[in-house]
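Chains as they are written, first to last, in our numbering: chain G, 14 to 361; chain A, 13 to 364; chain L, 7 to 210.
Any given hint could be a false lead.
When the alpha-carbon atoms are kept at most 16 Å apart in a straight line, the in silico EDC-like pairs for lysine to aspartate or glutamate are as follows [said to hold, decoys possible]:
no. : chain 1 : residue 1 : chain 2 : residue 2
1   : G       : Lys128    : L       : Glu179
2   : L       : Lys53     : L       : Glu83
3   : L       : Lys161    : L       : Glu206
4   : A       : Lys271    : G       : Asp198
5   : A       : Lys31     : L       : Glu35
6   : L       : Lys161    : L       : Glu83
7   : A       : Lys31     : L       : Glu40
8   : L       : Lys53     : L       : Glu131
9   : A       : Lys235    : A       : Asp15
10  : L       : Lys52     : L       : Glu144
11  : A       : Lys235    : A       : Asp56
12  : G       : Lys241    : A       : Glu112
13  : L       : Lys53     : L       : Glu179
14  : G       : Lys147    : G       : Asp157
15  : L       : Lys161    : L       : Glu35
16  : L       : Lys47     : A       : Asp15
17  : L       : Lys52     : L       : Asp150
18  : G       : Lys360    : G       : Asp198
No wet-lab data here; the hints were simulated from the structure.
As the structure is a prediction and not an experimental result, all values here were calculated from the model.
What follows is the residue order along each chain.
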Amino acid sequence: MTWSDIDAVVIGKAPDFFEGVMMPELFLADALGATGKPMFRVHTAGSVGGSTAIVASQLIQAGLHERVLTVAFEKQSESEAMWALSLPIPFTPPLHAGAGGYFAPHIRSYIRRSKAPDHVGMLVALKDRQNGIKNPYAHLHEHDISFDSIKESMMLWDPIRYAETCPSSDGACALVLGSEKVADDAMAEGRQPAWIQGTAMRSEPTLSAERDTVLPLGGALCAADVYKQAGITNPRKDVDAVEMYVPFSWFEPMWLENLGFAEPGEGWKMTEAGATAMDGDLPVNMSGGVLCTNPIGASGMLRFGEIAMQVRGTAGEHQVDGVRRGVGHAYGGGSQFFAMWVVGSEKP
Amino acid sequence: MRDIAIISFAQTPAQRAVKEQNEVEMLMPAIHGALGQVDMTIDDIGFTCSGSTDYLAGVGFSFVSTLDGVGPWPPIQESHVEMDGAWALYEAWVKLQLGELDTALVYSYAKSSPGDLPMVLTRQLDPITVAPLWPDTVSLAALQARALLDSGRYTEEHFAEVAARSRKSALDNPNAQLAWDRPASDVLAEEYHVAPLRKSDCAPITDGAACIILAAGDVARSKVERPAWIRGIDHRVEPIHLGLRDLTVSESTRIAAEKAGVADGAVDVAEIHAPFSHQELILRDAIGLGEDVDVNPSGGALSGNPMMTAGLIRVGEVANRISNGTANRGVAHATSGPCLQQNLVTVLEGEN
Amino acid sequence: MPPEISLPASLQDVEQVRSVRTPARLDYEFTAGEASSRFLKGITQKKIIGQRATPESRVYVPPRGADPELGATTPIEVEVAQVGTVTSFCMVNVAFYGSVMELPYTSALILLDGADLSIMHLIQEIPADEVRIGMRVEAVWRDDADIEPTLESIKWFRPNGEPDDPNVRIPGEDHGTGLGSWVGGVAPTEALIRNPRTGEGGQA
Numbered sequence: 014m015t016w017s018d019i020d021a022v023v024i025g026k027a028p029d030f031f032e033g034v035m036m037p038e039l040f041l042a043d044a045l046g047a048t049g050k051p052m053f054r055v056h057t058a059g060s061v062g063g064s065t066a067i068v069a070s071q072l073i074q075a076g077l078h079e080r081v082l083t084v085a086f087e088k089q090s091e092s093e094a095m096w097a098l099s100l101p102i103p104f105t106p107p108l109h110a111g112a113g114g115y116f117a118p119h120i121r122s123y124i125r126r127s128k129a130p131d132h133v134g135m136l137v138a139l140k141d142r143q144n145g146i147k148n149p150y151a152h153l154h155e156h157d158i159s160f161d162s163i164k165e166s167m168m169l170w171d172p173i174r175y176a177e178t179c180p181s182s183d184g185a186c187a188l189v190l191g192s193e194k195v196a197d198d199a200m201a202e203g204r205q206p207a208w209i210q211g212t213a214m215r216s217e218p219t220l221s222a223e224r225d226t227v228l229p230l231g232g233a234l235c236a237a238d239v240y241k242q243a244g245i246t247n248p249r250k251d252v253d254a255v256e257m258y259v260p261f262s263w264f265e266p267m268w269l270e271n272l273g274f275a276e277p278g279e280g281w282k283m284t285e286a287g288a289t290a291m292d293g294d295l296p297v298n299m300s301g302g303v304l305c306t307n308p309i310g311a312s313g314m315l316r317f318g319e320i321a322m323q324v325r326g327t328a329g330e331h332q333v334d335g336v337r338r339g340v341g342h343a344y345g346g347g348s349q350f351f352a353m354w355v356v357g358s359e360k361p
Numbered sequence: 013m014r015d016i017a018i019i020s021f022a023q024t025p026a027q028r029a030v031k032e033q034n035e036v037e038m039l040m041p042a043i044h045g046a047l048g049q050v051d052m053t054i055d056d057i058g059f060t061c062s063g064s065t066d067y068l069a070g071v072g073f074s075f076v077s078t079l080d081g082v083g084p085w086p087p088i089q090e091s092h093v094e095m096d097g098a099w100a101l102y103e104a105w106v107k108l109q110l111g112e113l114d115t116a117l118v119y120s121y122a123k124s125s126p127g128d129l130p131m132v133l134t135r136q137l138d139p140i141t142v143a144p145l146w147p148d149t150v151s152l153a154a155l156q157a158r159a160l161l162d163s164g165r166y167t168e169e170h171f172a173e174v175a176a177r178s179r180k181s182a183l184d185n186p187n188a189q190l191a192w193d194r195p196a197s198d199v200l201a202e203e204y205h206v207a208p209l210r211k212s213d214c215a216p217i218t219d220g221a222a223c224i225i226l227a228a229g230d231v232a233r234s235k236v237e238r239p240a241w242i243r244g245i246d247h248r249v250e251p252i253h254l255g256l257r258d259l260t261v262s263e264s265t266r267i268a269a270e271k272a273g274v275a276d277g278a279v280d281v282a283e284i285h286a287p288f289s290h291q292e293l294i295l296r297d298a299i300g301l302g303e304d305v306d307v308n309p310s311g312g313a314l315s316g317n318p319m320m321t322a323g324l325i326r327v328g329e330v331a332n333r334i335s336n337g338t339a340n341r342g343v344a345h346a347t348s349g350p351c352l353q354q355n356l357v358t359v360l361e362g363e364n
Numbered sequence: 007m008p009p010e011i012s013l014p015a016s017l018q019d020v021e022q023v024r025s026v027r028t029p030a031r032l033d034y035e036f037t038a039g040e041a042s043s044r045f046l047k048g049i050t051q052k053k054i055i056g057q058r059a060t061p062e063s064r065v066y067v068p069p070r071g072a073d074p075e076l077g078a079t080t081p082i083e084v085e086v087a088q089v090g091t092v093t094s095f096c097m098v099n100v101a102f103y104g105s106v107m108e109l110p111y112t113s114a115l116i117l118l119d120g121a122d123l124s125i126m127h128l129i130q131e132i133p134a135d136e137v138r139i140g141m142r143v144e145a146v147w148r149d150d151a152d153i154e155p156t157l158e159s160i161k162w163f164r165p166n167g168e169p170d171d172p173n174v175r176i177p178g179e180d181h182g183t184g185l186g187s188w189v190g191g192v193a194p195t196e197a198l199i200r201n202p203r204t205g206e207g208g209q210a
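Please work from the sequences and hints to get the whole structure.
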């Protein structure tokens, strides 16, 4: 394909303070090949990479376009990321310390609720970092990673250790989405498309009294919606692999429960038993996930794109055999914005 | 395409500075006004979409706390664009096209008053070659105005006529920030602000918010007597670099107007998002509006220009005129970026 | 692959520019808003004033302008206690821009008696590793002369000597397994919670 084959461009990224450019899609318009075309900018906090891909897919689903380019990026190196995430607000004590300071108490609540042993978070970090070594696009390639090195790493935001935390990354992701006809043509040429079998988004407030910040209702509703569209009745059985948004290791067991892969309080047992490893029955974050690569605005789209690669069989060294149906997941804000899609090798 | 209509529109009065309220407090009357007019609550809304930008508030993720204003509990289907609310309306229209949902709530807001707006907007420009020079919005628009004068198509008298007519129309708009009745010759008598533009050629700096409710087919008909149907909607972008564009025309607006089907019927009314008087002239030509079209009866952006919101307000103003029967078919336009870089055009129509 | 760039002869020996620093500064005038202003006025009188939208709705501390469940302003003021219970916490060992705290410090979510949502604040006057969920704490104010309209006028919270509250209301946990969990493989629904506008749904 060339630029002329693209009907529209949908771009997403997280807060513009990261790069110091306001609405940067405007100055990027020609570099994105968007001249004379519709260009659309999405921003739904950390889930934005996922929601951007969903908005792009809907332009096709609505019959408006045949081929849409969707892009997401972040250059965290262009500013101080912790600063961009926690700009000082007058009258408010600067108690948080970036995203870790916000999420650590919620992780502590999960550990208390589920009675999960301390090592589960470290097991997730070890798995994702080892998976990331197989992914040439991962930011971190930690060949010397070990359980002990994770355990000995500094406790940044107790209970979150340094090695259980995502890096600050620069990066971008782009997907070309096509109509049924475009995909059929690709299929005829021997290129397996990843068929989008369902998309869903949910939002809830940051601070409301009834809200559950550990297992947010919005996350579960989002999953239930997307599974229904894809005809998934038993997520654990019907889904072959998952790319989920895990910026701090403990979010793997939390999201396993929130997305219906485990009973409440049991998510950590899946991790501990190795079910989410590359050779487990539900591989999670084969790419190394957000723990290896976190260009915030792109992180959600990377999840969506990585699971599409698994379905297409193009994931290279981190390919899992026989992924016929996979889930891409992104979340943002204070665990309050959710975006998911289900992709499969079979036309829905 | 599925028939989608605007069934409700509410806005806050355009003000130079809303000093007492934060963003969510300023926004809530617009949201609840729009819902209340059609006797709905957030529980009746299928999809919510908003438009705003962090650089105006000076706070990252600023849209997150304003979402509280809709009461997103139980969790809702929702999205946000870092664009004018007119594009949020576009996303909502696409969402309703999918056929699963019948209603959508679209809102946008901005307080420009906390910062120095012309300086803030320089941060949109190429960060390596242009933004370090801090060229302000008015100066960039003046370059465009100069090019338009040099083309020989329009004169400063034409600019002044737009400025005077807009403020006179605004006298009938209770939400307008600037409204007066003075002849164009008074405008011409003003000193240059940034030549060839005078103060009256420029939009004011405005704080404000707006909200629109969309509904599909029979749901729209059940809620209001005369829904304003969206017959076409399209948006296009051009390169930001001023040297890559002919500033005296708006090619992206022309394409969007063509795709939206402006020429498919007579246009009674047009609301054009032109923050500078000369831009209205460029846009009229690009959209292809005849002399008989009632342009900016609300007073347009020259009478109140809340960032990220003035485009959505244009859509709402046309919808109101269709719903109250004063117009049958109208065009609304929204713009974004320096010198009309990105443009959206929608065609609204009443039911015959 | 990036395109190959050919430079004119005169520039061929010049070192390429790989990055530029273009510092930008923008100043903003912050508006706290009506709800926050009323709350901060209470702070200057050493009172913690919560707000609610209706006599039945939740008490928010600090108020931010909208009850996020109702999407409504919160005109009703309710003074809440200056003692509360720790609902969760974290020990911070990382310095960041804007931070004035000595490391490590304990940042806790504290549910004040009479409020429906925890506030985040510091815990001091206890070894960090003895902080626990359910611990009862009280506000420690600055000296009167230093009281300002900021939550920082409360220096920190410290244990108040009361026994731990094992029944502290932790959001989500009063729904047993948590709101967004799948019990027996069944997805939760909106009906799990009380709709704040209609009063429908939720637990009896």
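Going through the hints against the structure:
| no. | hint | verdict |
| --- | --- | --- |
| 1 | G:Lys128 to L:Glu179 | holds, 14 Å |
| 2 | L:Lys53 to L:Glu83 | holds, 11 Å |
| 3 | L:Lys161 to L:Glu206 | violated, 41 Å |
| 4 | A:Lys271 to G:Asp198 | violated, 27 Å |
| 5 | A:Lys31 to L:Glu35 | holds, 10 Å |
| 6 | L:Lys161 to L:Glu83 | violated, 23 Å |
| 7 | A:Lys31 to L:Glu40 | holds, 10 Å |
| 8 | L:Lys53 to L:Glu131 | violated, 22 Å |
| 9 | A:Lys235 to A:Asp15 | holds, 15 Å |
| 10 | L:Lys52 to L:Glu144 | holds, 13 Å |
| 11 | A:Lys235 to A:Asp56 | holds, 12 Å |
| 12 | G:Lys241 to A:Glu112 | holds, 13 Å |
| 13 | L:Lys53 to L:Glu179 | violated, 29 Å |
| 14 | G:Lys147 to G:Asp157 | holds, 14 Å |
| 15 | L:Lys161 to L:Glu35 | violated, 25 Å |
| 16 | L:Lys47 to A:Asp15 | violated, 51 Å |
| 17 | L:Lys52 to L:Asp150 | holds, 9 Å |
| 18 | G:Lys360 to G:Asp198 | holds, 13 Å |
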